[in-house]
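Chains as they are written, first to last, in the numbering used here: chain A, 24 to 325; chain B, 24 to 325; chain C, 24 to 325; chain D, 24 to 325.
Hints listed in this document are in silico derivations from the structure and should not be mistaken for laboratory results.
As the structure is a prediction and not an experimental result, all values here were calculated from the model.
Among these hints, one or two may not hold up.
Since the list can't tell identical chains apart, any single copy or any two copies may satisfy a pair.
What the hints assert, rightly or not - Result set (BS3-like, lysine-lysine): computed pairs, CA atoms no more than 25 Å apart in a straight line:
| id | residue 1 | residue 2 |
| --- | --- | --- |
| 1 | K77 | K206 |
| 2 | K303 | K278 |
| 3 | K284 | K206 |
| 4 | K303 | K195 |
| 5 | K122 | K307 |
| 6 | K284 | K77 |
| 7 | K278 | K212 |
| 8 | K206 | K278 |
| 9 | K307 | K284 |
| 10 | K303 | K284 |
| 11 | K195 | K239 |
| 12 | K303 | K122 |
| 13 | K122 | K77 |
4 protein chains.
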Amino acid sequence: MPSEKHKWYIDHTSPGTAHIYGIENYIRSFQTRYQQVEIADTEMFGRLLFLDGKVQSAESDEYIYHEALVHPAMLMHPAPRRVLVIGGGEGATLREVLKYQSVEELIMVDLDKEVVENCRKYLESWHQGSFNDNRVTLYFMDAREYLENENGAFDVIISDVPEPVEEGPALKLFTNQYFELIKSRLSEKGMFSLQAGDTSMPFIASHSAINNTLNKVMPFVRPYRAFVPSYNTEWGFILSAPAEMELPSTSLFDKLVEERKLELQYFDGETARAIFALPKDMRKRLEEETRVIDDNHLMPIY
Amino acid sequence: MPSEKHKWYIDHTSPGTAHIYGIENYIRSFQTRYQQVEIADTEMFGRLLFLDGKVQSAESDEYIYHEALVHPAMLMHPAPRRVLVIGGGEGATLREVLKYQSVEELIMVDLDKEVVENCRKYLESWHQGSFNDNRVTLYFMDAREYLENENGAFDVIISDVPEPVEEGPALKLFTNQYFELIKSRLSEKGMFSLQAGDTSMPFIASHSAINNTLNKVMPFVRPYRAFVPSYNTEWGFILSAPAEMELPSTSLFDKLVEERKLELQYFDGETARAIFALPKDMRKRLEEETRVIDDNHLMPIY
Amino acid sequence: MPSEKHKWYIDHTSPGTAHIYGIENYIRSFQTRYQQVEIADTEMFGRLLFLDGKVQSAESDEYIYHEALVHPAMLMHPAPRRVLVIGGGEGATLREVLKYQSVEELIMVDLDKEVVENCRKYLESWHQGSFNDNRVTLYFMDAREYLENENGAFDVIISDVPEPVEEGPALKLFTNQYFELIKSRLSEKGMFSLQAGDTSMPFIASHSAINNTLNKVMPFVRPYRAFVPSYNTEWGFILSAPAEMELPSTSLFDKLVEERKLELQYFDGETARAIFALPKDMRKRLEEETRVIDDNHLMPIY
Amino acid sequence: MPSEKHKWYIDHTSPGTAHIYGIENYIRSFQTRYQQVEIADTEMFGRLLFLDGKVQSAESDEYIYHEALVHPAMLMHPAPRRVLVIGGGEGATLREVLKYQSVEELIMVDLDKEVVENCRKYLESWHQGSFNDNRVTLYFMDAREYLENENGAFDVIISDVPEPVEEGPALKLFTNQYFELIKSRLSEKGMFSLQAGDTSMPFIASHSAINNTLNKVMPFVRPYRAFVPSYNTEWGFILSAPAEMELPSTSLFDKLVEERKLELQYFDGETARAIFALPKDMRKRLEEETRVIDDNHLMPIY
């Protein structure tokens, strides 16, 4: 007589809030050396990837997250040839970067081989074969170690790793010192974009601290955010560059998308307008931020 | 040993999705003639109002919703003197309208006296005494009936009633015919804004149908949306007018806010830029909409 | 920071009550022609089998259920040679019956081949190889059809099929007419035992109706119940026979267990004393029951 | 469209198990000096009392718990005149004791005045005015302190305080030394009964340790248990006495109930038979227990 749903996944966003997802079917559940992984099918969002109990990516709306993460940085570089993706195990960040014909070399560095292998197998609609593209080279290692030992320059670097809300290896990928390292590896007109945590006012602490840290390092820093239905929140990103510049206008973004022959579902000039304009309360909060994430005082921020 | 939270409120957004709120304390729970009402305190969002199982308003972020609902319409009228608020039982819509010194008469029509009385008593931080303002007149009746029997014109009409996702009296407040009635009661430079449902892609059907219906009636129609943390989603509004016009620029909105001496937490020029610019996927969805909500074929839309 | 459990299975026992199980791992989820099946591992109860959203059997305490179901009937027959098990897909009912050296032929009739095959593969600790015992014959068909076409007599018949709380094929396995059919297939000293639903006072309706129906057919009828931790309730059984008889004393049951060299974890003389003695409120409720389940007025009972 | 229940109370019995109760209405929620208290109405169990997140008592089935706790001890004393109840804030333990005409003096000692006052006001169907009976004297203080300063003897002592599964004042009311104190305050034919925790196999640790501790102190110790629907489990009690004796037979218990003119819903001779007979697995577990709860090594047991 009662509810017909029995399998629920509970994603706690705080001790007193949670989102619950009715699961049609669990596809894969496993613990890697680094994290707990679930791949599951839902009625509302299609296939979902959960890492350490948090929704990571949904079949129905990953295009929003990945287009927002990739295209502002890629379009603002005149002709990105060599690109680095840090994290991004699902392969959808690769997919978006590979849409650019100028790209000759795309390096992806991810810590967790087991996650990438499972994404390759079970998240086909995400990567769409991108892992097999000749331009792609995969390294399974710590991104910081990779960058310290790699001297070549990148036109665009895209960071798609979990925000520093918990202890773990990702904590070191949001510090002052790390961003200096990134800066030193960008080519002259290089761009750096990263996923940067929830921007919903009750949960903005992490985003805000990352933004302030980047501001100490990069002359050009632009936080932005996109609402992702399966996350139940607005998700934050930050675009930055080692040189001063201006954000393209709505019409210039439209022109760039057209010139580069991109087929996009989410991003265009008006979308850029929507996501780079920040509400007054959020701007105030970002302006008041004083924390700088530092290698010498590493701790989770939330 | 386990969780310290025991009282949870579950807001089902679909058979397979829900948001859950840990409750510190239930303040009031009652069933009126029209709806089930809960007022409860939470750690994350402060006091919350739930109607018929859906979160309606949170102490911590109702300013986002109410500023977004009220100010675009009020600012675009050169000098609103006579204003009508439909619904809006919490009194926060009144609060925002009363910030305008030009307002001489503010009429509020709400169906549910019991809800309004409880909001007056338990949601003080929402209305902040607005119900006692001399300019305010309250009617407890059906808004459509009120409008059919009222011949005077309004400079601004603001509709703050539940969207038509379920059977109920609100269904008739989103039709073609009703919007014609609204139009006939607007003064020459009159503006009409309404709350218009969830705009998250999986739940946009209702918003989209309302928008299309308004498009049949009003020459100027601009859907917009604001992310409200306690709703876990972007919420939709629609601004409209019986005459063609243009949306003010960022700087003009800023100038208007300053001229009218408004103290706002959320709305300003850049916020307007953010909320009126719509992402590509949402624009596409709105453009493809064909449904018109009609008195003769009333049914819930979701 | 919050709960470390994310996968939960919700077993609704009524619209306003449910038990929730934190799942370590889902082993198998599938829909057969007859039912929805889940096999999952939990910390508290080990492996669990769920059918149509209800917990069916737990690794940690299935011995309680299966010993209670099988041994009173088997021990009260002087030397059971030919035994029929109806349902009992997990194979644990077989396992208990096979402990009797007197058993020469054990027939199991289950509707759902797919469930039995999965139990064979994934519930090894339940059946412990019983399906491979030479004495066992399996039929995948409707039990009623089987009995109508089978003329031989059985010394013990054990029914282990879902109680009639919902529409479905099991409904016909609890009627007056069906029990007459069972009676006609029992040998002279034959015994019949069946699982007979929850006996917790708020949920006893089904048990009570089955008991009353059996009372119309069999001269000897003894309802009993055992608390099963993973069910969160006391579970009901009914022992019956086509001839008047007396329940063995505590010491006689102990003697029978010893003579037949049974190794049991749950059942013995004192356990029999505990489970056949019924509390006053339950006895009153059973005495007041008037419903008889009849082929001609089949409907779910709850 | 989805579930009509929104208010749920979650009672976690372990990190991976919980029972959830749909709440019709919260009556009272408050924090006393000692515990968190909720009084709420449900469809299934009527009014419920929760203490520190655990269901304590339900309108629909508190008679099971309270009759099981009180009557074995009271009936086994030839004529109880002076009775002590420790804890039992709802007043239902008083109610059962007051059914005995032989009782002249009934002292209740409870730590938490605020709980008792709220029970008096909101749990009328529990106490049924017992607090106003002339024979009753109430003390709000620590039971151990009370007993240390009270030299008179009691015919029956009934302990109705939370089992020692968490830090708190109740921990000291289950020790070796405390039971010696109880023993010293019992009259010659005195009886002592106490509520003694969940006896469901996964949760029996606390019950088992209490039983073993009592065995070190009292010559006569009989653990027993009753299934209480709203608890979703079998609940344990222990009957003890400072002198060797035998448990009355089924018929003797029936005779005693009749002689003393008790009107009971749950307890009688056959119920006694059911609750004092323990299943084999539980007996084995109790026999193997070695822990003794001692003032000098106090710690929660679970």
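Evaluated hints:
Proximity of K77 to K206 under the C-alpha cut-off of 25 Å is found in neither arrangement, the shortest distances being 30 Å within a copy and 47 Å between copies. Proximity of K303 and K278 under a CA criterion of 25 Å is satisfied inter-copy only: 15 Å between copies versus 29 Å inside one chain copy. In this assembly of identical chains, the alpha carbons of K284 and K206 never lie at most 25 Å apart, being 29 Å within a copy and 44 Å across copies at closest. With identical chains, the CA atoms of K303 and K195 are never at most 25 Å apart, being 30 Å at best within one copy and 35 Å at best between copies.
When the C-alpha separation of K122 and K307 is checked against a cutoff of 25 Å, the pair qualifies only between copies, where the shortest distance is 22 Å, while the shortest distance within a copy is 36 Å. With identical chains, the CA atoms of K284 and K77 are never at most 25 Å apart, being 34 Å at best within one copy and 43 Å at best between copies. Taking the shortest alpha-carbon separations for K278 and K212, only the intra-copy value of 19 Å comes in at or below 25 Å, while the best inter-copy value is 37 Å. Taking CA atoms no more than 25 Å apart as the test, K206 paired with K278 passes in neither setting, with 28 Å inside one copy and 39 Å between copies.
In the homo-oligomer, the alpha carbons of K307 and K284 lie at most 25 Å apart only across protomers (19 Å), although the nearest pairing inside one protomer, at 37 Å, exceeds that limit. Taking identical chains as interchangeable, the C-alpha atoms of K303 and K284 lie at most 25 Å apart only when they sit on different chains, with a minimum of 16 Å there against 35 Å within one chain. In the homo-oligomer, the alpha carbons of K195 and K239 lie at most 25 Å apart inside one protomer (16 Å), although the nearest pairing across protomers, at 55 Å, exceeds that limit. In this homomeric assembly, K303 and K122 come within 25 Å of each other (Cα to Cα) only across copies, at 18 Å, whereas the closest approach inside a single copy is 35 Å.
In this assembly of identical chains, K122 and K77 lie within 25 Å of each other by CA distance neither inside one copy nor across copies; the values are 29 Å within and 42 Å between.
Hint compliance for this structure: hints 1, 3, 4, 6, 8 and 13 are not met, and every other hint is.
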